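Visitor: Spelled out, the chains give:
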Amino acid sequence: MLDAMIYALPFLMKGLWVTVLVSVLTVSISLCAGVLLGCGLVYGPLPLRLLVRLFSDTIRGIPILVLIFFVYYGFPAIGVDFAAFWAAVTALTLFKTAQVIEYLRGAVQSIPKGQTEAGMAIGLTFRERLTSVIFPQALRRFLPPWINGVTDAVKGSALVSLLGVTDLMHSINQVIGRTYEALPLYILGALIYFVINYTLSLLSRRLERRFSFTQA
Amino acid sequence: MTEPLLSIRGLRKSFGTTEVLKSIDLNVERGEVVSVIGPSGSGKTTLLRCVNFLESYEGGSIKIDGVEVGFAEGRRRRGERSLARMRAETGMVFQSFNLFPHLTAADNVMLGLRKVRGKSRDEARAIAEKWLDRVGLSQKADALPAELSGGQQQRVGIARAVAMEPKILLLDEITSALDPELVGEVLEVVRGLAAEGMTMLMVTHEIAFARDAADRIVFMFDGTVAAEGPPTELLAQVDDHPRLAAFLARFRASHF
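Protein chains in written order, with our numbering: chain S, 42 to 257; chain P, 131 to 386.
Okay, chain S solo, but in the shape it has when bound (with noise of 0.2 Å):
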């Protein structure tokens, strides 16, 4: 079983890095991203207050693999046409925007009224009250949501594997394939992802704590 192991890991190499791009790309896009329309969501004007709440809500509603579905065959009948690894990655972003927006809007709006009357009080504007005031406060609401999201981004983008792209999934099934041994390549392809996850989850409880604060 061991042996099986340690014959697939170099096939698995590729694929791994894949599945940590298709990550590192969901998570750093939807963040930007999320946070952009999540304050447009709060702050802005009606109307685009409205087209973010239609966008978050349609995408929350979709199951994650037929928006996956969707844009890869979907999208060219309106003349849109990515490679299977482009439309993986715009897919699991979307969902992943979607999801940030709406931590981003539960952290901000834990923030009691009288934060922003306090800086209103004070002289701030908007910008300032946001960045020295709201900002720093939703940052540890955010923060614990967040990254449980991003563990499930890593997950997520094994469904990249349904589009032919070679991630740590696909190489697997490739290894499978070839070696007709399923149990301990599955075990080790569970193992690898079970190490990325849990690194993250260790890394986001000393975030967690450093970003902590006593609150009155």
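Please note that the accuracy of each hint is not assured.
Claimed, not checked - For lysine-lysine, the following DSSO-like pairs were computed, each having C-alpha atoms within a straight-line distance of at most 27 Å:
no., chain 1, residue 1, chain 2, residue 2
1, S, 154, P, 193
2, P, 152, P, 193
3, P, 297, S, 154
4, P, 297, P, 249
5, P, 193, P, 297
6, P, 297, P, 260
Said to hold, decoys possible - Label pairs and their calculated CB-CB ranges:
no., chain 1, residue 1, chain 2, residue 2, range
7, S, 90, P, 207, 19 to 25 Å
8, S, 90, P, 204, 26 to 32 Å
9, S, 127, P, 188, 53 to 59 Å
10, P, 132, S, 251, 50 to 56 Å
If you're looking for bench data, these hints aren't it; they were derived computationally from the structure.
From a predicted model like this one, the values you see are computed outputs, not experimental measurements.
For each residue, glycine too, the CB sits at the ideal point set by N, CA and C.
Model the placement of chain P on the given structure of chain S, informed by the hints.
Guide: Using the frame of chain S, we list chain P on its own:
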């Protein structure tokens, strides 16, 4: 005759269909301490919040030093920057303190000095320390709000407001959220500021304090100024003001 520092004319404000301020006229002179008392729902807090435009209003005008607070020419609402600059001229202390919980006492005081007054870190720190010392909290400069008692938090709140050197200080029931034994230390600070000539408009439930510390008491009832005058005069002539008499009677009944 010099213009009053704060001049409120015909102020009207509604929440939905409920009219909470019905044409209020009120002046506060430089260095004057004015206490606003009245039953809950009479519009005291709303009046105060209109003065630094935390609440907008439908009619009338509020001028500080002759400048309209919330609106520019032609009753256009001021833009974000201009409004922020106007607000920096008024200090406000809140009933529930509203300290920034992620910042130490000193950083709470320094934030406005740094961002709004453009002070350097060292200058701001020096000013913050001076004011924290004034409110008796020099030992607590680096404590987070959660590590302070209610009375201490409120004194930081006062330091945060006065450090900006506002033209007028607005105090919104600043002792209502405090345990009775902590009220004294906060009122002591306010008394000191009054003695130094800080102009103040304060909503309070501490009738005794209003009587001692204020130059003038304004009694609000149902969105109007029902009576006003120097404390001793006003409280001596309650018989001329049946509503004030009723308010004070109920107040005494519930407090003694």
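Visitor: Determine for every hint whether it applies to the structure shown.
Guide: Hints and how they fare:
1. S/154 <-> P/193: Answer holds: residue 154 of chain S to residue 193 of chain P is near 26 Å, not above 27 Å.
2. P/152 <-> P/193: holds (18 Å)
3. P/297 <-> S/154: holds (25 Å)
4. P/297 <-> P/249: Holds. Residue 297 of chain P to residue 249 of chain P sits at ~19 Å (cutoff 27 Å).
5. P/193 <-> P/297: Within the cut-off at roughly 12 Å; holds.
6. P/297 <-> P/260: With a Cα-Cα distance of about 19 Å, the restraint between residue 297 of chain P and residue 260 of chain P holds, given a limit of 27 Å.
7. S/90 <-> P/207: 19 to 25 Å: Roughly 20 Å apart at Cβ, these two residues keep to the hinted range, so it holds.
8. S/90 <-> P/204: 26 to 32 Å: With a Cβ separation near 29 Å, residue 90 of chain S and residue 204 of chain P satisfy 26 to 32 Å, so the hint holds.
9. S/127 <-> P/188: 53 to 59 Å: holds (54 Å)
10. P/132 <-> S/251: 50 to 56 Å: Holds, at about 55 Å.
The structure meets every hint from the earlier list without exception.
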